[in-house]
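Novice: Sequence:
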Amino acid sequence: MITDTPSFHRAAATDETPAASDTAKSIPTGKHLWSAWSDYFDRNQADASSLPWHRPHQIPEAKRRPLVTSLAIFQLGESGEGSTLRRFAQRVSNDPQFEGYQVALTKFLGEENRHASTLSGLVQRLDGTLLDRQWSHGAFKKLRRLINLEFELQILMTAEFIAEAYYAILRDRAGDPVIERACERILRDEVGHLRFHGDFFATRQQTWHPVVRHLWAWQCHFIFLVTAHVVWFDHRACFQALGTTYGEFLGFGKRSIRAFMRRIVRQRTRIVEVGTNGSNRRRAVSAWLSA
Numbered sequence: 001m002i003t004d005t006p007s008f009h010r011a012a013a014t015d016e017t018p019a020a021s022d023t024a025k026s027i028p029t030g031k032h033l034w035s036a037w038s039d040y041f042d043r044n045q046a047d048a049s050s051l052p053w054h055r056p057h058q059i060p061e062a063k064r065r066p067l068v069t070s071l072a073i074f075q076l077g078e079s080g081e082g083s084t085l086r087r088f089a090q091r092v093s094n095d096p097q098f099e100g101y102q103v104a105l106t107k108f109l110g111e112e113n114r115h116a117s118t119l120s121g122l123v124q125r126l127d128g129t130l131l132d133r134q135w136s137h138g139a140f141k142k143l144r145r146l147i148n149l150e151f152e153l154q155i156l157m158t159a160e161f162i163a164e165a166y167y168a169i170l171r172d173r174a175g176d177p178v179i180e181r182a183c184e185r186i187l188r189d190e191v192g193h194l195r196f197h198g199d200f201f202a203t204r205q206q207t208w209h210p211v212v213r214h215l216w217a218w219q220c221h222f223i224f225l226v227t228a229h230v231v232w233f234d235h236r237a238c239f240q241a242l243g244t245t246y247g248e249f250l251g252f253g254k255r256s257i258r259a260f261m262r263r264i265v266r267q268r269t270r271i272v273e274v275g276t277n278g279s280n281r282r283r284a285v286s287a288w289l290s291a
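Note that my numbering numbers the sequence shown so that position 112 is 112, with each residue one more than the last.
Because the hints were derived from the structure by calculation, they are not lab data. One or more of the hints may lead you astray.
Each computed DSSO-like pair below joins lysine-lysine, with the alpha-carbon atoms no more than 27 Å apart [stated by the list, open to error]:
#1 Lys31 <-> Lys142
#2 Lys142 <-> Lys254
#3 Lys107 <-> Lys63
#4 Lys31 <-> Lys107
#5 Lys107 <-> Lys141
Put together the whole structure using the sequences plus the hints.
Specialist: Quick look at the structure:
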């Protein structure tokens with residue numbers, strides 16, 4: 001049983017408290033918003049450091065086998081060029097509120113690919129085999145391409161909710177310092193990814209009827225629950241080897257999606273146009289990123 005709250009979830013809870021600065025009551029929009037996200041992803045890439053892949057692991061075989069199989073499935077999920085997502089994103093390129101969004105989205109996808117590279121290193125370090133295909137990955141890949149940009153991002157968000165639970169459990173339970181460091185780094189990035197998607201939906205939902213917003217939130221929770229069941233089925237051997245119950249896994253994910261929904265509502269009420277004055281813009285962006 002996990003008896004304490006992982007540090008990631010303590011950080012997520014802190015994020016729910018509005019910043020003390022007056023400028024945190026508003027966030028940048030349009031090109032300023034997506035330019036700030038581009039800068040954020042650039043900083044993340046510059047801060048990335050290598051992991052000590054040479055360190056041998058001491059994970060017992062009974063834990064290593066299901067763990068490396070699970071990591072290989074997640075590695076496949078983090079792979080891909082995002083061609084469909086980029087094509088969908090072109091449909092909002094003429095909207096002033098999304099000027100620069102495609103650039104930020106490309107950098108977000110680059111960060112996902114870096115996660116795939118990190119997971120590939122973990123799989124190889126544990127003497128595992130990378131996958132070319134897997135049934136649930138293929139199903140979700142087809143599902144998210146069905147409708148439009150909003151739906152594909154929603155499926156990606158669902159994967160992020162699941163990933164937060166998954167990497168927090170691996171970090172705390174795998175008993176390996178390299179896995180711990182890798183998961184801590186990915187978790188930090190996942191927080192940013194959900195903020196990034198949250199700002200997209202907070203902006204997009206400005207023109208939605210309240211009933212539509214409510215229905216959207218309801219079906220997000222429904223898709224998350226279905227996905228959580230599928231992921232547990234696929235990875236149950238790994239979770240059980242790490243001493244994790246389905247209730248713990250689901251609880252982590254539920255906390256993540258609830259925090260995300262609260263953030264969307266809060267951000268929607270804060271969105272204002274920020275002028276191009278350099279000092280004012282820098283203060284607003286800084287406060288927004290820390291909010």
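Novice: Hint numbers the structure violates, sorted upward?
Specialist: Of the numbered hints given earlier, those the structure breaks are 1 and 3, listed in rising order.
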